[in-house]
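Chains F and D are the protein sequences, given in the same order. Numbering-wise (UniProt numbering), the first sequence opens with residue 1 and increments by one. Numbering-wise (UniProt numbering), the second sequence opens with residue 1 and increments by one.
Hints are computed from structural coordinates only; laboratory data are not their basis. On a predicted model such as this, the values are computed, not experimentally measured, just so you know. One should not assume that every hint holds.
One copy or two, it doesn't matter: identical chains are merged, so the pair holds either way.
Okay, derived cross-link-like pairs now, EDC-like style, lysine to aspartate or glutamate, Cα gap no bigger than 20 Å in a straight line [said to hold, decoys possible]: (1) Lys413 - Glu701; (2) Lys593 - Asp680; (3) Lys602 - Asp553; (4) Lys647 - Asp681; (5) Lys289 - Asp312; (6) Lys536 - Asp305; (7) Lys602 - Glu683.
What follows is the residue order along each chain.
There are 2 protein chains.
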Amino acid sequence: MLSNHLQNGIETARLVWSRLPNSDDEALDEVGLSKKSDGSRSESLDYEVIENNAYREEQAQRGKLMVGYYVGVKWFFALLIGIGTGLAAVFINISVENFAGWKFQLTFSIIQKSYVAGFLVYILFNLLLVFSSVYIVTQFAPAAAGSGIPEIKGYLNGVDTHGILLFRTLIGKIFGSIGSVGGGLALGKEGPLVHTGACIASLLGQGGSTKYHLSSRWLQVFKTDRDRRDLVTCGCAAGVAAAFRAPVGGVLFALEEVTSWWRSQLMWRVFFTSAVVAVVVRTAMGWCKSGKCGHFGSGGFIIWDISDGQEDYSFEELLPMAIIGVIGGLLGALFNQLTLYITYWRRNYLHKKGSRVKMIEVCLVSLITSVISFGLPLLRKCSPCPEVELNSSIECPRPPGMYGNYVNFYCGKDKEYNDLATIFFNTQDDAIRNLFSAKTIHEYSAQSLLTFLVMFYSLAVVTFGTAVPAGQFVPGIMIGSTYGRLVGMFVVNFYKKLNIEEGTYALLGAASFLGGSMRMTVSLCVIMVEITNNLKLLPLIMLVLLISKAVGDAFNEGLYEEQARLRGIPLLESRPKYQMRKMTAKEACGNKKVVYFPRVVKVADVVSILQSNEHNGFPVIDHTRNGESLVIGLMLRSHLLVLLQSKVDFQHSPLPSDPRGGGKPISKGISIDDIHLSSDDLEMYIDLAPFLNPSPYVVPEDMSLSKVYNLFRQLGLRHILVVPRASRVIGLITRKDLLIEDNENSETVELQSTSVRAQRQDRKASVREADAEHPLLNGLLVKEYSSS
Amino acid sequence: MLSNHLQNGIETARLVWSRLPNSDDEALDEVGLSKKSDGSRSESLDYEVIENNAYREEQAQRGKLMVGYYVGVKWFFALLIGIGTGLAAVFINISVENFAGWKFQLTFSIIQKSYVAGFLVYILFNLLLVFSSVYIVTQFAPAAAGSGIPEIKGYLNGVDTHGILLFRTLIGKIFGSIGSVGGGLALGKEGPLVHTGACIASLLGQGGSTKYHLSSRWLQVFKTDRDRRDLVTCGCAAGVAAAFRAPVGGVLFALEEVTSWWRSQLMWRVFFTSAVVAVVVRTAMGWCKSGKCGHFGSGGFIIWDISDGQEDYSFEELLPMAIIGVIGGLLGALFNQLTLYITYWRRNYLHKKGSRVKMIEVCLVSLITSVISFGLPLLRKCSPCPEVELNSSIECPRPPGMYGNYVNFYCGKDKEYNDLATIFFNTQDDAIRNLFSAKTIHEYSAQSLLTFLVMFYSLAVVTFGTAVPAGQFVPGIMIGSTYGRLVGMFVVNFYKKLNIEEGTYALLGAASFLGGSMRMTVSLCVIMVEITNNLKLLPLIMLVLLISKAVGDAFNEGLYEEQARLRGIPLLESRPKYQMRKMTAKEACGNKKVVYFPRVVKVADVVSILQSNEHNGFPVIDHTRNGESLVIGLMLRSHLLVLLQSKVDFQHSPLPSDPRGGGKPISKGISIDDIHLSSDDLEMYIDLAPFLNPSPYVVPEDMSLSKVYNLFRQLGLRHILVVPRASRVIGLITRKDLLIEDNENSETVELQSTSVRAQRQDRKASVREADAEHPLLNGLLVKEYSSS
């Protein structure tokens, strides 16, 4: 059927493409970066392309031993990601806690003498930290701004955003987080930690940063996008595990929120990474307990243990809890909408004016935050301390320089505390701990909580989208736990007899706001349980999350999806759109030109085609000897660029070359404009057959687009060829054809004969007789093909 | 291109196929049951087939309102599944606890007088319960034997096993579990509860059992396999959530262990179902606390709270914990291997002899179990009670008829206890609670634990595969916690200074054995944490699971996979086999005949083709006016059978009919042998075009089989057509083509212009100029197709 030379070429290509240690790669191999990114990352990306072919051939020869090595390196990398992310988290936490500790210690000691001086020192300290953060981000690592989760989500969906996984982004993220969180802005360090984990994973996957000469050839095992994506998934899970000390939450976050293609094998490795993080963080915490880490004591890692809180709940409480869910959904959806508008305005008007404007903006936000968090508690009248029970561990007011409830701030008497200062003039972790605290009924007045809610909500909205690393988890928990505690106060007053803790409602409020804003379900639930160490509240958290997500979904999309869309990251949702049902594959292609190559193509033609369009994939069409045309594969732009730059595969003859195993590695090849070819080169030819993907996925022209969408999304493809309907069927593959047993096992299966099997075989025998009775039909409708 | 009549037919079919409320269905629509099952289930299955077409048309007209109803019903069903499974679990638990409670109460009161009489009563009581179980299973519901998890796993993978989801199986499972667990056999009720949940879900999905006249037409909304599969997934999660009171564990179990195709939308619904179960079970437990449920008090639901156990661990402990992991892997793998051999032998020799043999076998096992569990403690010397601290809540010996440690059994003195009886002569739940218990150091002697381990392990192996409903979770936990406690005892003796609880090691042992046998990871980890209510041990559980799974994997496959293979359930693993890389799609089809139909086919031909083979799908090939042949779709056997039985679509002319929207519903159509056609009927024709699937997935003949495998597995297909390479490319679909924005959103996206976008547009402009410079190439290599 195929002419000989063509057959040869295809055969070679198929071998090259199919001999990969990890055969899953094939399906995803062409999923790549739709936008080119410069810097160290893309260098090593382009550089891999042809090397791959040689590499794979090599791999095929080394066989299963190599596969073992490859698997080993995967697990070793998972270990390294766990350790790296764990250490990064510990470093960020220790730094933040120490900066914040110094700040509050200094301020508290100065306000004993002068509130004005204390105010100024507080403002300056915050400003300095925030400025260092925004300076690092704007000058050195622009991609480190924001939480990074939408971008990582995009990356794992198949869209690469400029520079998000560079080494400088990692550095910017780590130091930027320290500044922005330590500087008291209304943002958290959890999103950035996820990004940090992803960066560490990606850099490991490339074998280090080539730009900063930190790379190692030995580690450059992972050449396919799929492997890198797997590593980044591990990194995300590690980030969440480190941020919340929630290893299972990390796995679920990676599974539910960030990945688009999930395989159960990966779960196992992600799980391992999370476990490593848990051990690293725990070890560091144990080491810090002895006081070696300065102010980093019980604080830092956000574990708000309320395991001594409410044990039980009664049915009367379900109504206020449902109300918390509804409030969470409404406020969360509003938060998404407001941040969407503000970010949109910022991107299009403010941030276009350059990094100076960005810096001024952040400094202004810092000033406002400082003034509000210092000034508002000043306006608030202090309350007298509650009567202290003998065996209670709660001190009121708390001793200066310690963590705890009942902050004495601008109070006349010694035995008084300022409830607004307890939550506002504090680090966020301590504020949350105070809001979640049990056995402190009526600590806060409704007025204070309401004031705090309004001010902090506004600050969180304004701070979101500024040019500093910023997570939304902790602010979300702050907002949610405030209104949760508010509801809890009313419930305590209303159901006087029940054993109700306000702290429990604060926790449910936190869950509801996060659910209403981020729209996560299982992962959020597990994270909430893990950080509060209270499994008994699980059904209640589930209930609240269900309600808040449902309410939020009625208004808009989740925070990360909204932000991803705003940033122009085209995420493919898990479901096809409604209107796709009525469209065909052909309609989706629209009027676009199909640009294709013949098998052997002139170099000049390749250059001009690459220059004349932006396509990333080109079908290759050849002709058989009897003149039939035949689609022999798909050629990627990136591969073509490497071919053009290496020149070793140029040939003088326009005839197909002998089958070969691909070219040699070349280290760079970014854009067609960077490739300079002499006029002699342009007159030469390239035989594309050894380099193309010989069997891209194809769909018939009139297939429903929603079906195409599923194919595309489920397999993580980057190109699907739309072809005419086939003229004949060579075979039909069913489940049975795919059940190739290993030799040692096949006997067992053959031996067994369940009653069903026995019946089926009888059936088959009788069928064969029936077959023999209708010999006429065989000739009429049944066609036989030999398997050669 | 296509001739007119052909185009019409295809168009109709495409519309019919694409207008489904849930568009995802398309991809999975042809995934079905590869084996026919009789009974109520398959009746409604065949019956749906043509109704579907009419139904879909109707749906398309009603539009989005109908979609809303459909989604509402889905959620309502999730609620019902949760309530149903929760109630079933409560019923099973109350019954088991009461039977077991009566049994032990009676025995204990009799042995005060005579040990022989007590022994006989104990044996008889057990025998009676076990016999009732095996009688129900063998006579009434043979599919209720075993755990059911391998079968459910197979069902969700696309293989239906005979009768596993029938109403009678549900009943058999519930009552059988009560007998087998209450009768003290070495098995658990957790696997059966998963099966129970799946049955409830499946019956709901069909709108009840038609065979027992319990169906409702109103509920028969779910017509596709995909919807039913989703419901069954919910049911599995509900089962686990109910069995362990572990809602998150349930979701993860469904995700990790049973489903093959997972979508994130489903997660949300599964989560909801689990939450409902948690609430139902909690409510029932609360109701039972007041003593209304007889012996069902603190026991029953397996929550072994060790939250007051070990708080911390030191590095020295990691080594013994790793050893526990290795032991778990080894014993787990051995368990899988032994049960595999025994089940194999049973299926092929013992169980072929009929249900009488099965009953005798189970009764023998029950006798042996009773004798061992009563007799062995008799041989054991009692130990004196430990010195009781004042504020300790532990009583020694425990008061008769209560739950707790330190059972006084065949002891000389009052202040003595029998350590073997504490774990052996007890319900399994209590035994596990006693093994996990903290602050009871040196309760058990090493000799007793070792005796118990060996005996119980043997009993569990022998009991596995008998004809009663049987779960492996609880026996696994028993075995694991025994050797775990054994290791813990040595650790306590070795590291004298550390604050070590033997109960912690028992928990880790349980995790390690389950990990070594079932090879679950994340879900098992979460289940262990949820049932012991101790989050602090999470990293240790992870560590132990990692080791035990890795060790186990070195020997064989997981318990469920082994069993599924033995039962002839062809599970498609998530990875293609190694040798598939070197095979092509065409090779996989082998020598098999491709049996196809023309568009308009004679009824007699259809009948004889259906009789002459067992294929479930047939390509349909038509010819255009200029004689070209064209594959126009895939016709399923089940659809053909319905067409043959209804006869309404028969026509006299061999020419294509006018396009129509499909036929009318018919209620039955099981096998080709059941259809009786007159000789006039046989002379008529059917136009298949309106009924076929017009765009089945196709792959080119030389695509690598591992690629085909991924396509098949990821999309959950049942047939893939292997076709020749295409001769031309009509278009290329990329990510951009699939990003169809809703109208209101598209503006936002258009408006934004990040710096990257701006650059790209500049780029495009320059590209167009470049394009203009090479007009020659356009004619040479670029072809344009209009979109009409």
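Okay, the hints, checked on the actual structure:
1. Lys413 - Glu701: neither (82 Å within a copy, 87 Å between copies)
2. Lys593 - Asp680: Classified as neither: same-chain Cα gap 30 Å, cross-chain 53 Å, threshold 20 Å.
3. Lys602 - Asp553: This pair counts as neither: shortest intra-copy Cα distance 54 Å, inter-copy 53 Å.
4. Lys647 - Asp681: Classified as within: same-chain Cα gap 8 Å, cross-chain 69 Å, threshold 20 Å.
5. Lys289 - Asp312: Result: close only across copies, 13 Å inter versus 33 Å intra.
6. Lys536 - Asp305: This pair counts as both: shortest intra-copy Cα distance 13 Å, inter-copy 11 Å.
7. Lys602 - Glu683: Classified as within; 7 Å inside a copy, 60 Å across copies.
Checked against the numbered hints given earlier, the structure breaks hints 1, 2, 3 and satisfies all the rest.
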